[in-house]
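Enquirer: Given next are the chains, with one letter for each unit.
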Amino acid sequence: MSESPALAIGGQANVQLKLTVNGEERAVFFPPYKTLLELLREELRLTGTKHGCELGECGACAVLLDGEPVLSCLTLGLDCEGRTVSTVEGLARDGALHPLQEAFADLGGAQCGYCTPAILMTAKSLLDRVAAPTRAEIREALAGCLCRCTGYLQIFESVEAAIVRLRGESGAARR
Amino acid sequence: MSRGSANRFGVIGVPRRRVDGRAKVTGQTIFADDIDLPRMLHCKLLRSPLPHALIARLDASAARAHPGVQRVLTGADLPIEFGILPVSQDEEALCGKKVRYVGDPVAAVVADDEITAQEALGLIDVAYEPLRTISTPEEALRHTEPRIHDYGEEGNIHKRAHFQFGDTDQALREADHLFDDLFFYEGNTHLPIEQHAAVGAVDRDGKLTLWSSTQTPHYVHRALAKVLQLPAAHIRVIACPNGGGFGGKSDIFNHEIVVAKAALETGRPVKICLTREEVFYCHRGRHPVLMRLRTGLTRSGRITGMHLQTLVDGGGYGSYGVASLLYTGALQTVTYHVPRYRFEGCRVFTNKPPCGPKRGHGTVQPRFAQEVQLDKIAEKLALDPAELRLAIVAQPNELTANWLQVTTIGLADCIRKVVELSDWKNKFRKLSAGRGIGLACGSYLCGAGLPIYWNKLPQSGVQLKLDRGGGVTVFCGAAEIGQGSDDVLVSIVAEILGLEPFDIRCVTGDTDLTPVDLGSYSSRVTLMMGNAAVQAAQRARDLLASAVARKLDLPAERLVFAARRVFDSADERRGMTWAEAVTCAEEMHGTLGTTGSYKPPPAAAKFKGGGVGPSATYSYTAAVVELEVDRGTGWINVSKVTIAHDIGRALNPVLARGQVEGSVYMGLGEALMEEQVFRRLPAKLSGALVHKFPSMLEYKSPTTHDMPEVVTALIETDDPHGPYGAKEVGQGPLLPIMPAVANAVHDAVGVRIDEVPITPDKVLRALDDQARGGAGRVGPSSFPAVDWPEPLLVPPPWEGGDGRATNDPERKRAAKLDPATRP
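Just so you know, the protein sequences line up as chains A and B, in that order.
Each residue of the first sequence is one higher than the one before, counting from 4 in the working numbering.
Each residue of the second sequence is one higher than the one before, counting from 822 in the working numbering.
Next up, chain A with everything else stripped away, as it sits in the complex (with noise of 0.2 angstroms):
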């Protein structure tokens, strides 16, 4: 997007904004009517977030804000000034995929893909918060993400997996 004064629909000036995104900080020069799923899709084109009703009603677009869970379809991207976001794309660290993310595509958590970027993001957000969650928390943490091909059981496997990788990677850098 430029950064020239230019006007956006309906008249609107665009608004700049400044936010941290997947660890870089990110100026962004957009239409103030746009949501943050809009801002990181269209703006940022950082896809990997996904939609599916834009109501705030499948949980397909969480992302992070602050390390919360959020449903991207319903935060104004206005409302992220100064803050910061976590998506998918962030989640790989130097080309190494992230444990949750080597366990849903080992462990069938992923079947079309559509609303996994969500879901990982989700249960990483559990699991910064808990180190090891009960299949119940798991099920709590999940239950805003409509999954419609794995019937969720292949999902709370694959973060049960992670959380067991993630373990010994924390074993691992201890010794």
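None of these hints come from the bench; they were simulated from the model.
We treat Cβ as the ideally placed atom computed from N, Cα and C, and that holds for glycine.
Since no wrong hints were added, every one of them can be taken at face value.
In the EDC-like style, the derived pairs of lysine to aspartate or glutamate whose C-alpha atoms are separated by at most 20 angstroms in a straight line are:
#, chain 1, residue 1, chain 2, residue 2
1, A, K21, A, D82
2, B, K1521, A, E143
3, B, K1461, A, E143
4, B, K1521, A, E57
5, B, K1521, A, E60
Chain B residues, not near chain A, derived (Cβ > 10 angstroms throughout):
#, residue
6, D946
7, E966
8, K1047
9, R1326
10, D1589
11, A1592
12, P1612
For each label pair, taking beta carbons as the anchor points, the in silico distance ranges come out as:
#, chain 1, residue 1, chain 2, residue 2, range
13, B, L1506, A, G26, 49 to 57 angstroms
14, B, G1291, A, Q19, 46 to 54 angstroms
15, A, A146, B, E960, 37 to 45 angstroms
Given chain A, put chain B in place with the hints provided.
Expert: Coordinates of chain B only, in the frame set by chain A:
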């Protein structure tokens, strides 16, 4: 990754990360709406607010003048009709004269961005002349006028069918027991999380490309050629990976044609992504079906004959409806042995979004009826429902009464397995009050035997390209819809060539680059594409083997392809790397490439209408559902599902289990909560027939909290027609779930809910009825009078038949034989 030692294969049968797994967990999978092209425009459709009306006037001049609007298209721009079936070419991309359901599109705006397009929709002035709304099948039968379509059989009847395989009436008359039950299966929808999207663009060389979230790129390709009047060779259709399909993206959709046309007219890429509300309008989901099922039995519980009637609510268009109708009758016979069978079916048009194929296409509704009725039969005859079924399962290699060829059948093993794993014997009729257990079975196609349009061509094609760097690329027209078809394709090629799946590149669902595969529907991909892949890979292997054998001076039969090497089975050290073998073969044969094709075996059924039902083989499933019913609220809490599926062979057990569990999940949704229902707006608001739930919040589907424990067993029957013996697994496991829930509810509280979904209000109504001394049943009470056509009389194989109808217009065949009578 560790490999099972008992497995004689390197890749097949090994639990593995799917080949597209990495892309899906990194957000790198490009779905249709993720495509963003330079100069791209955006499209929105104006949809009818009325369910049935003539378009008296449409004025788009204000929309055309709106700043940022590049094009407005209306019916006149796309006058040629299309439809997925050759016999139902009844859809227009944009309705020109008439609308047939709330949501039928009448105009399209193409603008610089979505918001401008949306604004301009409001500037289009449409004057409608409302027609009487046909809301239900009963109304469709009662009111022959106004006709929703001017084709079909008569009035608002789209299609009727009537087959008699032997004298079923006599069989029912002479039976020791006759069961006569009515069932209703409510419609429901696929609800893929990805909304349909498509992008049309004119390439650098002037040809048209359409990217779409479609399960059937080949059929979309054909439809575009027809409607746009362009040579198919100048159109490229690319099926993006689907964010869930379940049958809902296997039709040809208005929006696909509109953006293709808009791209041609503007010379710029044009994208559309439907809103969730519009996805509900596109529908093509499960047909609501009213059923009457009469079954005759001997004293010991053997079926003597079966008579099934179905009244099928088609919605506003033909879609796959003729096939859907015939599928409500076709597969009753491949599960249990039915010596005589009569089927009458009728599909009507109504002013609702068109119904079509959803997971289990047309077979789910009568399966519910038969499995619930079998539970009633077992109760009346004091038989265990599992034992009753074990005694009547169809036999291996049975040619059924309606001329379907069974090959392997693992149904008895499936039943025994779920009985064992669920501890059925200690639970059925023995659980504490309010808790229940139910059993049901099912069967499904492994690919429809016939293509959608008549031809003698392969139904799946695979090409392999081998380059001297050792690279292998496999090409196939199949569409990856999340089910794992890319993984099936790659794993088979890797197995045969002795490579790792990661070594192989896979290009699928692109009509320019890949040979035709008919698409991801009817559970056809594993079997058909898989067999084509086997052939292509074996041919490549043979090319390499002949060259390596000459180089090493040993017989080609002694060569082993494994671990990325080609070597002598007698001496592993004598051999070469895969890349060396490819180079060696290129020296001998020139540029390396092979093809493979697959066509299912010809059907035994020769009667008209017998084209729906045949399949190379059938998959089988048995399931046991355990649940608890709250007598106070009617709430059903499913605690456990035990399921066994005859999969032939599990090519990748991780994915196979995912398909089974996904089917269980979707089945529980259909059984307990999902329904696509409609209501009339008050007269002062137009009186239109509208969706009760055109949103995901109100269309209930199971969440993480609703999913019970599932115990899955895969039964491997190694079918001779399947690649490595494999059958389908994407649809069959859904079939037993709904009736198993209904049967478990009966075991729990003694009421019969003869319809789905089995919602708490119905359970409470049945319990009330029971408390007042009634039958404790909720379900339909009558089947309307249908003017059935004369039956087609087809004697079963054991009554001397030859697969033809004895009363088929004889002259047709005679005319073919005698050239003199040809016109």
